[in-house]
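Trainee: As you go down the protein sequences, you meet chains A and B in turn.
Read in order, the letters of the first sequence correspond to residues 1 to 341 in the numbering used here.
Read in order, the letters of the second sequence correspond to residues 1001 to 1341 in the numbering used here.
Simulated from the structure, these hints should not be mistaken for laboratory data.
In this text, all values refer to a predicted model and were calculated from it rather than measured experimentally.
Heads up, a few of these hints could be off.
With a cut-off of at most 30 angstroms between alpha-carbon atoms, the simulated DSS-like pairs for lysine-lysine come out as follows [as the list claims (entries may be wrong)]:
#, chain 1, residue 1, chain 2, residue 2
1, B, Lys-1026, A, Lys-309
2, B, Lys-1309, A, Lys-309
3, B, Lys-1309, A, Lys-26
4, B, Lys-1065, B, Lys-1026
5, A, Lys-26, A, Lys-3
6, B, Lys-1003, B, Lys-1065
7, A, Lys-288, A, Lys-309
Distance ranges between label pairs, derived from CB positions [claimed, not checked]:
#, chain 1, residue 1, chain 2, residue 2, range
8, A, Gly-69, B, Leu-1103, 55 to 61 angstroms
9, A, Ala-263, B, Ala-1260, 27 to 33 angstroms
10, A, Ala-203, B, Asp-1173, 44 to 50 angstroms
11, A, Gln-259, B, Ala-1031, 37 to 43 angstroms
12, A, Gln-259, B, Ala-1291, 53 to 59 angstroms
13, A, Arg-119, B, Ser-1046, 35 to 41 angstroms
14, A, Glu-66, B, Thr-1175, 24 to 30 angstroms
The C-beta atom is built at its ideal place from N, Cα and C for all residues, glycine as well.
There are 2 protein chains.
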Amino acid sequence: MPKTINTALIGLGNVGRNFLYILETKGERIADQYGLDFRLTCVADSSGVAVQPAGFDPAELRRWKESGGRVSGLDGYLPGRTPAEAVADAPVDLLLEASPVNLQTGEPGLGAVRAALSRGAAAVLANKAPLVLAFAELHALAAANHAPLAYSATVCGALPVINIGRRDLIAADITYLAGIFNSTSNFILGEMASGRPYSEVLAEAQRRGLAETDPSLDVEGWDTANKLVIIANSFLGIHATLADVEVRGMSGVTTADLQAALADGSTIKLLAQAEQMAGGYHLSVGPKPIARHSFLGQCDSWEMGIEIKSDLYGIMYHKIWEREPLPTAAAMLRDAVNMLG
Amino acid sequence: MPKTINTALIGLGNVGRNFLYILETKGERIADQYGLDFRLTCVADSSGVAVQPAGFDPAELRRWKESGGRVSGLDGYLPGRTPAEAVADAPVDLLLEASPVNLQTGEPGLGAVRAALSRGAAAVLANKAPLVLAFAELHALAAANHAPLAYSATVCGALPVINIGRRDLIAADITYLAGIFNSTSNFILGEMASGRPYSEVLAEAQRRGLAETDPSLDVEGWDTANKLVIIANSFLGIHATLADVEVRGMSGVTTADLQAALADGSTIKLLAQAEQMAGGYHLSVGPKPIARHSFLGQCDSWEMGIEIKSDLYGIMYHKIWEREPLPTAAAMLRDAVNMLG
């Protein structure tokens, strides 16, 4: 018999709905292979939160959302309650946090994560904001309550950058890392180089559900900087915040710049870099020309990637191609299974 | 206080000696950061096995080996005992198996791994042979004795291919994977393309300590096939053996072939492939022309890499550059820390 995991899913946007799709299509395999049955007891979107101890049906809920329904219209809707309040009270062993990035307050995600960890429930985040704003606090809360906490979906979609950094680079001294962490801006730069106008390309990214709810996070470099901050705290061994990252966006880059770079054997990428220096790392995000045939120079279109140089593990290069939010939703599943299976 | 892990290190060749170097230089950090103190109670090379319950000093042992000393000359040498016998009796919480690949019998590695798992000790393998010959048996033995078993060092050195496959592709249906798994043959093909003679290039690989003890394993494709078999059993969900892999080596490839491919925008690589088909996978190893600017076509010199296409996780690409055995030794450390830390 699979173990039932009472699950709160906060956020029913592109990532949340794809998670529902995975439960719908892979639920049986997850039960057979990993011994887990994720029962959706609590769900939330921007209209509010609903609780059903017997569980919402993932397929029905997905169709409801895709046909324009909102959580406030579901049986079990709790008027006036916040996701954090519902997560604190409902049957919840696991929180999946996939609400939009809010760098001002981190809400509603931050409150929901605090509520889950405080009661010893596991938390899996796809939303970066709670980590960017409260990395140390959330890790301390998790440790104090023996609550598992994972967030491999926050950096480069399903590319397991965080897992590689935390589990696979044991005892390493990382001397340099660089990456392309935002596929929307990477796609836009590539398409602009071939002459398509900025606004048309951004619209395509939004249509595919890959742009952030607020696309200025993508193109102004903040999404990339968020990911660099999460990496720095996760496996560079430093306590960094956004204020420690030198950030420039890609909005100043013109089609002429891009074409001139290509003519020169290079390409302009919105690059995140962490360079080791005395006492820590220099963290930066900005458009940089790099060799066209280098690993990151070949990280094109809907790809994100990272290279990591360390004293023990040579130089590692990892990239992923993903054009929909499905892999990011799958990364939440992976974290949940690895923590609870 | 760090937890003492009584450790048997079987094999003091290039990988084993680099493991000693890591203990020597990172021992304090491993104790501080991961709470583990690896005490080398049992060591073996081709001359025999020695046991010291108080522990061998890693630095002294490394210097002893590098100045031509053998285990048979150490205090604690047990004449006539096999590594398996010593691992069964000595204080051993963890076996690190780094002896040479022996595809006929798997020995002495296979016996040592059986001995460790049978007593409930953890086993970490860098040696592929025991897994290629007895994958299912060793996993059943590990499960029956609640003994942790890991082997991320067996495939592509320190590139965490096995870890990614087992932990990061949860619930995925892998439709295709391809890789370059043997850096010696990859280096040889690249250098031959630029006109260097085969024998000179092989000698360089041997000098660097990267060629297998028997280099025909590298160039005839068997090392690559071993890794493909380990991958297939680890995360393709099939029980494959070497007999299931169509294997061709690179010895038939000439400098003229390599140069003709380059002139044509392609490059010849010793490629491992797993293609999903009805009822399983078609597994093959052989020299194949691929596009020069593809991911694997750019996997050059001392690099190994893999691309993995699945239904949930998009397309992932991973490669590593490593020119010495240090990263492979570090991969053994990572497995040990992840299992015991």
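Trainee: Does each hint hold? Answer for all of them.
Mentor: A quick look at each hint next to the structure:
{"no.": "1", "hint": "B:Lys-1026 - A:Lys-309", "result": "17 angstroms, holds"}
{"no.": "2", "hint": "B:Lys-1309 - A:Lys-309", "result": "25 angstroms, holds"}
{"no.": "3", "hint": "B:Lys-1309 - A:Lys-26", "result": "17 angstroms, holds"}
{"no.": "4", "hint": "B:Lys-1065 - B:Lys-1026", "result": "20 angstroms, holds"}
{"no.": "5", "hint": "A:Lys-26 - A:Lys-3", "result": "16 angstroms, holds"}
{"no.": "6", "hint": "B:Lys-1003 - B:Lys-1065", "result": "27 angstroms, holds"}
{"no.": "7", "hint": "A:Lys-288 - A:Lys-309", "result": "19 angstroms, holds"}
{"no.": "8", "hint": "A:Gly-69 - B:Leu-1103: 55 to 61 angstroms", "result": "60 angstroms, holds"}
{"no.": "9", "hint": "A:Ala-263 - B:Ala-1260: 27 to 33 angstroms", "result": "29 angstroms, holds"}
{"no.": "10", "hint": "A:Ala-203 - B:Asp-1173: 44 to 50 angstroms", "result": "32 angstroms, violated"}
{"no.": "11", "hint": "A:Gln-259 - B:Ala-1031: 37 to 43 angstroms", "result": "55 angstroms, violated"}
{"no.": "12", "hint": "A:Gln-259 - B:Ala-1291: 53 to 59 angstroms", "result": "24 angstroms, violated"}
{"no.": "13", "hint": "A:Arg-119 - B:Ser-1046: 35 to 41 angstroms", "result": "57 angstroms, violated"}
{"no.": "14", "hint": "A:Glu-66 - B:Thr-1175: 24 to 30 angstroms", "result": "26 angstroms, holds"}
Violation of the numbered hints given earlier is confined to hints 10, 11, 12 and 13; the remaining hints are satisfied by the structure.
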